[in-house]
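Visitor: Top line first, the protein sequences correspond to chains A, U and L. Using the numbering used here, read the first sequence as starting at 22 and increasing by one per residue. Using the numbering used here, read the second sequence as starting at 235 and increasing by one per residue. Using the numbering used here, read the third sequence as starting at 13 and increasing by one per residue.
Please keep in mind that the hints were generated in silico from the structure rather than gathered at the bench. Check before you lean on any hint, since a few could be wrong.
To be clear about the criterion: a stretch of chain U counts as covered by chain L if any three or more of its residues have a C-beta under 8 Å from a C-beta of chain L, and this derived list gives those stretches [to be verified]:
no.: 1; region: 257-269
no.: 2; region: 272-279
no.: 3; region: 289-298
no.: 4; region: 308-321
Virtual Cβ for every residue (Gly too), placed ideally from N, Cα, C.
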Amino acid sequence: MALIEARGLTKEFRIFHRREGVAGAFRDLFLRDYKTLTAVNGIDFLVDEGEMVGYIGANGAGKSTTIKMLTGILVPTGGTVVVDGYVPYKDREIYTKRIGVVFGQRSQLWWDIAVIESFKLLRRIYDVPQQEFERRLKMIDDILELSGFLHLPVRKLSLGQRMRCDLAAALLHNPAILFLDEPTIGLDVLAKAKIREFLKEINTEYKTTVILTTHDLGDIEALCPRVAIIDKGKMLYDGSVEGLYSQWGHDKLDDIVKRIYQGQRPQLGFSGTGGDDLVQ
Amino acid sequence: MKFMGGLQRSVSRHLYIFFYYTAQYIKTKMAYRADFFIYVFSDLLLQSVNLIFILVVFTKVPAIKGWTRDQVLFIYGFFLIPFAVYSGFLNHLFDVPEKYVLEGELDRILVRPLNAWYQVVVETMNPELLVGAPAGVAIMIYSGRAMGLVWTWWDIPLAIVLIFGATMIYAGVYTFLASLGFWTEGNIGLMPMVYNLSNYGRYPMTVYRGPVRFILTWVLPFAFVGFYPSTLLMHRYDFAWYALLTPVIGIISFTIAYRVWVAGIRRYRGTGS
Amino acid sequence: MSNKRRYGEFGACIRNRAMLYIELVRMEFVNNLAYRSSYFTGIFNYTIQIGAYFFLWDAIYTGRKMLGGLNKEEMITYVIVAWVVRSFYFSNLDRRVAVEIRDGKIALELIRPYNYQMVKYARAFGEAIFRVLFFALPAGIAIYLIRPFGLPSWQNGLIFLLTLAGSFMINAQISMIAGFLAFFTQSTSGIYRAKRVIMDLFSGLLLPISFYPAWARDIIKFFPFQAVSYMPNLIYLGKLSGLAALKVVFLQLFWIAVLGLVAIWFWRFAVKHVVIQGG
Chain A
22 MALIEARGLT
32 KEFRIFHRRE
42 GVAGAFRDLF
52 LRDYKTLTAV
62 NGIDFLVDEG
72 EMVGYIGANG
82 AGKSTTIKML
92 TGILVPTGGT
102 VVVDGYVPYK
112 DREIYTKRIG
122 VVFGQRSQLW
132 WDIAVIESFK
142 LLRRIYDVPQ
152 QEFERRLKMI
162 DDILELSGFL
172 HLPVRKLSLG
182 QRMRCDLAAA
192 LLHNPAILFL
202 DEPTIGLDVL
212 AKAKIREFLK
222 EINTEYKTTV
232 ILTTHDLGDI
242 EALCPRVAII
252 DKGKMLYDGS
262 VEGLYSQWGH
272 DKLDDIVKRI
282 YQGQRPQLGF
292 SGTGGDDLVQ
Chain U
235 MKFMGGLQRS
245 VSRHLYIFFY
255 YTAQYIKTKM
265 AYRADFFIYV
275 FSDLLLQSVN
285 LIFILVVFTK
295 VPAIKGWTRD
305 QVLFIYGFFL
315 IPFAVYSGFL
325 NHLFDVPEKY
335 VLEGELDRIL
345 VRPLNAWYQV
355 VVETMNPELL
365 VGAPAGVAIM
375 IYSGRAMGLV
385 WTWWDIPLAI
395 VLIFGATMIY
405 AGVYTFLASL
415 GFWTEGNIGL
425 MPMVYNLSNY
435 GRYPMTVYRG
445 PVRFILTWVL
455 PFAFVGFYPS
465 TLLMHRYDFA
475 WYALLTPVIG
485 IISFTIAYRV
495 WVAGIRRYRG
505 TGS
Chain L
13 MSNKRRYGEF
23 GACIRNRAML
33 YIELVRMEFV
43 NNLAYRSSYF
53 TGIFNYTIQI
63 GAYFFLWDAI
73 YTGRKMLGGL
83 NKEEMITYVI
93 VAWVVRSFYF
103 SNLDRRVAVE
113 IRDGKIALEL
123 IRPYNYQMVK
133 YARAFGEAIF
143 RVLFFALPAG
153 IAIYLIRPFG
163 LPSWQNGLIF
173 LLTLAGSFMI
183 NAQISMIAGF
193 LAFFTQSTSG
203 IYRAKRVIMD
213 LFSGLLLPIS
223 FYPAWARDII
233 KFFPFQAVSY
243 MPNLIYLGKL
253 SGLAALKVVF
263 LQLFWIAVLG
273 LVAIWFWRFA
283 VKHVVIQGG
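The following block holds chain A by itself, in its conformation from the complex (with noise of 0.2 Å):
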């Protein structure tokens, strides 16, 4: 079995128009007038432990809906997920203890507090033993050098050793998953560099699977052998890096995927190939 199975998933947003005013308001308590948005359209993602999966698409093609379905935020409308064994809107607060999140644009940590202190609070909200959080904590500093500003608040953090400690932060209690929602955005070279650096380790020494959606190919090209790829809701293809060049005749990533999103497709074979040639 699969360490991510989702199968069907699908999520449907109402959304509705608002109107004016607090009479408006109040209208709008009782009587609604909606419009029903696909964002995701029973999309099959099956991930094995130890992968490492990109997961891109355009603004608004569902990648963050999805995320936010595995990660047990959102519920979703149809099909079914089981992560490690758990369906997570189910098993809420059973389940986070067993994955990591790293919004790229929002940091978890606690804003006017040293770096050092929210860890240590999480570590009691994740319940994790002192020796082992001392461990993993040394672990993740001999890579991410995050020793010079343990000390310092969040909002005295430059973009790139906020997301050093944002990601360090989700990794302390060692989840089986790392969801990680453009955790690139806004970083110099040598700070993506960083932490492409440490994902592998994480990766590759502890069998940590990660799911990250990025713009950035660069991020792509670095880690994952796996991509998958979502427009408009509809997984368009899933398959490995490699999968993609040769159905594209050998090309720039960058240009397979602008063309993607500009709704052309290849000569031949574009059927993406579901993931589950990789899976048992």
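Given chain A's structure and the hints, the job is docking chains U and L onto it.
Guide: Then chains U and L, alone, in the frame of chain A:
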């Protein structure tokens, strides 16, 4: 046994997290010590406006509808105690519609293995505002003595139960209002209105006319956060049944509100807002 | 250059400035119009506040004719007028100024070719006009329909309206000075609350000043606060009329001048502070 062990672990984890948050909170506030004390002092000052109002009015009249100065002060003193708990821990539930729902901060809460309501409360608390509680106790002792009140041993457990009930009413009302944010997806400005209404609870209900008294007793039960329970503690028994209802009303309102909260979270996780 | 021409330029300059401030008033007015929905909940809010004091005073007066020189009917009129008028002169100036100082944005204001305080007053005035039209007047009429209250004689009514301008200005200046206190503490909400307590108690909003003991009245006399609410209300009620009412107008002018000087002094200090410490 295993269940008890798990429960104990869970309770101690929640307590630890609470104290950790408190410690961090104090640490950050102590970085701007003078400002912190100005903030706390100004809060006490704000509360004292009503006290001054009462004191000045009673220089002109001996009683208001049969309630003497000391009795009104006693009610006011009791009111301050659950109000302090509310200010310290529940006041910022009004951040929920904007900050947590609209701006999506709830995502961060939901990926942590801890109760969501608890997380919001400890994240937004201002525990220093508990200083209102000792002030309230002092006013109760002063006015109790002035009216020649003889305390008995059961006053203390009774007071604790009544304060607990009153606090639960605050928790219930504000959790309910915060939960509406899951549907309105943004603030509709009910909180300040309800806040002003809660201030009605610090005067004898006999001041108000029928419908207002009914609303304060059965709809937004702020009569139970000050007036009713304090009459029992000053050993005036004409509202004893209402007073004894305080914990019941508290538990009922918080239970209802928490269910609405859970439904709201479910809705949020359905829409992602 | 002839003197005449020079005066002409000076006049044009004044006119331009005036146009700027009028434009700011207009802008703030339109701005508030866009967020008018929040005012509807505000009306409920005031209703609850006025309601609380209405019930209280009603109860306090049971079995009594006169308290602090006012009978029950006058007291209820006093409370309603005080709160409705407050919705006009009230402003967030203190908060705005304090936050600009705390966040260092005040430095940006120094590079603009206008008078900082005048800009703030103009915007507050724009908001006040909005509040009169969309808040104070409708609320006053609504309350009158629900529970009629006393109306002033026309002479007193006119002087009352005149003193409202003074109430606005004095309250705005006090708020401005309170805002400047943010140079001394980061706790803007502390400043804001302290000012609110002082204004609520000593302007006569919650209690007519005549209710206070003599020693307290003697102290309050030396401050501008009671010229904001208490004195205009007495004019409305006809307790002060004729020469005594006009005296209130002059008292207000006196305080506007004094507070203006204090505010300028603070502003000078502020500029020096910003220039030396970079905000």
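Visitor: Compare the structure with each hint and give your call.
Guide: Hint check results:
no.	hint	result
1	257-269	holds (count 3)
2	272-279	holds (count 6)
3	289-298	holds (count 6)
4	308-321	violated (count 0)
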